[in-house]
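A.B. asks: In case you want the letters, here they are:
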Amino acid sequence: MEQVGTQTETKCYHCGEDCTSEIIHAYDKTFCCAGCKMVYGILAESNLCEYYEINQAPGINQRQAVRENKFSFLDDISIAQKLISFKDEERTHVTFYLPQIHCSSCLWLLENLHKLNNNVISSTVNFARKEVEVIFLHGKVSLKKVAELLTAVGYEPYISLQNITASKPKANRDKLYKLGVAGFCFANIMLLSFPEYLGVDAKEQGLLHVFRWINVILSLPVFFYSATEFYQSAWKSLKHGFLNIDAPIVLAIIVTFCRSIYEVLTQTGGGYFDSMSGIVFFMLVGRVLQNRTYDHLNFERDYTAYFPVAVTLIKDNKEQAIALPDIKLNDTLLIHSQELIPADGILTRGKALIDYSFVTGESMPVEKEMGEIVYAGGKQLSGNIEILVVKEVSQSYLTRLWNRDELKQKKNDETKSFVHFLSKYFTVIVLTIAFSGALYWFFRDKSVMWNAFTAVLIVACPCALLLCNTFTNGNILRILSNRKLYLRNAQTIEDIANVDLVVFDKTGTLTTGSFFDIQYDGRPLTEEIKQKIALLASQSVHPMSKSIAALYPRRNTGEVVAFTEVAGKGIEGIIQGDLVTLGSREYVTGSTEKDFDSGVYVAIEGSLLGKFSFKNHYRENVASLIQRLQKRYPIAILSGDNESEKRYLKLLLGENADTYFNQKPEDKLAFIKKKQAEGHKVMMIGDGLNDAGALKQADAGISVTEDSNNFTPASDAILEAKELNNLPRFIAFCKANGVIIMIAFIISILYNIAGIYFAVTGRLSPMIAAILMPSSSISILLITFGLSNLLAKKVFRNSGAN
Amino acid sequence: MSVIILLLIASISVAALFLFAFIWNVKSGQYDDDISPPMRMLLDDKKSKDDAEG
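First to last, the protein sequences are chains A and B. For the first sequence, the tail end lands on 802 under my numbering, and the numbers increase by one without skipping. For the second sequence, the tail end lands on 54 under my numbering, and the numbers increase by one without skipping.
In case anyone wonders, no lab produced these hints; they're calculated from the structure. Since we're looking at a predicted model, the values are computed, not measured. All C-beta atoms in this analysis are idealised placements derived from N, C-alpha and C, irrespective of residue type, glycine included. Careful, some of the hints might be misleading.
[Unchecked claim] A few chain A residues facing chain B, derived, Cβ under 10 angstroms:
#1 Glu111
#2 Val739
#3 Met742
[Claimed, not checked] Cβ-Cβ distance ranges computed for the label pairs, FRET-style:
#4 B:Ser13 to A:His114: 26 to 34 angstroms
#5 B:Val3 to A:Lys175: 51 to 59 angstroms
#6 A:Ile778 to B:Ser13: 22 to 30 angstroms
#7 B:Val3 to A:Val428: 45 to 53 angstroms
#8 B:Val3 to A:Val739: 37 to 45 angstroms
#9 A:Asn172 to B:Val3: 37 to 45 angstroms
All chains, please: the whole structure from these sequences, using the hints.
C.D. replies: Here it is as structure tokens:
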């Protein structure tokens, strides 16, 4: 038995990865593959090597070569039209999504595209969205050429069906405008209110009136524009017969405004304009912080973001690009190696080796022969194939799953939060106090009645609760995103905190989808034989062969003579006079005995040497993650794979663990539904399209991704895979969120009680309101920020990376 | 007294100027991407580097 790993010290100058399978020496540098070398060559030629000076090895690995003519569909005018954002006689503006953008070198290189091709006028990177806007002269260079230029320097544009079907969400700047206006008015009103508080000479009473009227004017934009944010939300929830936290706030704003106007008109006082504009300003700040979005992430992706925008259609023996929605029944499509199958079809030419791991969760690729049906969503791994479309794109198995009604509904986030629940009681109590105060003064002194009534409503506005809620949420979202857990919105924090059952997908979530652990059993292999096996294996694109090839770093390049590959069986070839055979038991030994184990047998000159067994490669620390989680939550594992891993999983989880195999996407969805019906709050953690239904149905759906630029199905949160073992900490931290809000809320209630004391006794002067309001807000801000940062330190102590 | 009114007008118009500058900034998209500009700022534009490296 032998455990083999690769240890190479050499790192690629372009991408910084270990040079495992080959080392290329060129330009006095080392490269891991021909692709990396080529990119360096292009950059060196145009004097763009500063790229490598800004950051070390900033490049993107080029081992996976991009097929030539991949972008020929961009020559199709109707497709190109949908991608182009602006076009005049000379220039075309187009925006490409480049998920590879990750550092300042990328930014620098992409903004220097004009040095590589002088028909490019300019290129501007939007780092947050990972997009580049290129302006080019379409008379001299085509859109396809621009895409190829980007590809040539290592930034292959990601163009999916979503680019042409979905309209881009516009950046929402409304809140920022409202915030700016509120800030301007608030500061000026504050300044103009000082004379009122500090007292003005009797001779200059006229001046006071001027100040008051200016205040009235300045408060109008706040009341009629900035505060609309809250009116809309309150109105929306009232229409649904539900009192959210914005309702009492709107009440307070309106009462404050009316009473202030009344005071100015009757010349009885200066009003509370500063308090009113102050709360609006601070609450808007909170909203803006809480709603900061992660532009480069998309939580609403469906299959259209996964599918390519165009495929190659074969018509009258000619190849032409066709947009995906235009595919019709009985069309013949040419699927190149590494391309997605866009529609269900019958294989008519070539041998298919299809990776369905993303669609069904099966970790092993499936081989298909001519005449067999291939389903949409699989990725063809070896060679080109042709398929005859039997179902249109919108009718295929995968898209049908997506179009199920229950998955189309948006989650109702509004009504769930406990903050709204709290505010409901809050409102009722405040109204009771206000009315009883008014009743009391009605019998004692009617002149104070209105004053006391309105003052209670003004001072008891739950703005402090709203503030502490939004600011805490905002800060917690920020802390979580620093640790690579990106939440869709603030409600998700609470959803995660409330979870009482955790469901994992296996393939791609607990295991890495891409490589296997290989174990060799048999006669010991000499270095020479290892080299021969690796050389033979490197000839095939089958993932098993690839894994074996990567096992033994190649020193020299020999030649393989008489190489043959029998799809689904194995490969053989003559290397330095020896016939080397790799493949299934039947292929290598001729035994017809059935073999359920997914092993690859190896023989030289017909004599069996041994066998490579493959096991899913579990992520680091999965065992400890599950054990820690199991202490608090029941856990279930759903796998699209067969039961071959059952024994290992039982070992990992204990005998009583809930493991389910051969789970189809519908089964996963049904499982979540069943558990929810039993009263569980379910967290689903998955990665692929096959988990999409379950992720959406779960109370908190987290999709795991190797890096956040990859495709992730619609979910509530996106977690980078290397942070998966911090999951118990993330849950603990989300739970802390509720505690912090409660603490801040209690403090804000103390402020409110003090305020109400002044209010019911009819002594709430604008000055007291003006002191109480900002001091309560600011102290609550400090408390929530301090507490959440402190708790973050505590929870994530010893968690490794920042 | 009228001096104060004058000062008042001056101060509010200065503040209004800043407000408009802010609105203009937001409109022109300066707040859409707050990651690239600080990076871009730190990158020098080396003009002539004809045969500095290979």
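A.B. asks: Run every hint past the structure and note whether it holds.
C.D. replies: Hint-by-hint comparison with the structure:
1. Glu111: 7 angstroms, holds
2. Val739: 31 angstroms, violated
3. Met742: Not OK, violated: Met742 of chain A not within 10 angstroms of chain B, min 32 angstroms.
4. B:Ser13 to A:His114: 26 to 34 angstroms: About 43 angstroms separates the Cβ atoms of Ser13 of chain B and His114 of chain A, which means 26 to 34 angstroms is violated.
5. B:Val3 to A:Lys175: 51 to 59 angstroms: For Lys175 of chain A against Val3 of chain B, whose Cβ atoms are near 39 angstroms apart, the range 51 to 59 angstroms is violated.
6. A:Ile778 to B:Ser13: 22 to 30 angstroms: 29 angstroms, holds
7. B:Val3 to A:Val428: 45 to 53 angstroms: 52 angstroms, holds
8. B:Val3 to A:Val739: 37 to 45 angstroms: With Cβ atoms ~55 angstroms apart, the hint is violated.
9. A:Asn172 to B:Val3: 37 to 45 angstroms: For Asn172 of chain A and Val3 of chain B the Cβ distance comes to about 44 angstroms; the hint holds.
Checked against the numbered hints above, the structure violates hints 2, 3, 4, 5 and 8; every other hint is satisfied.
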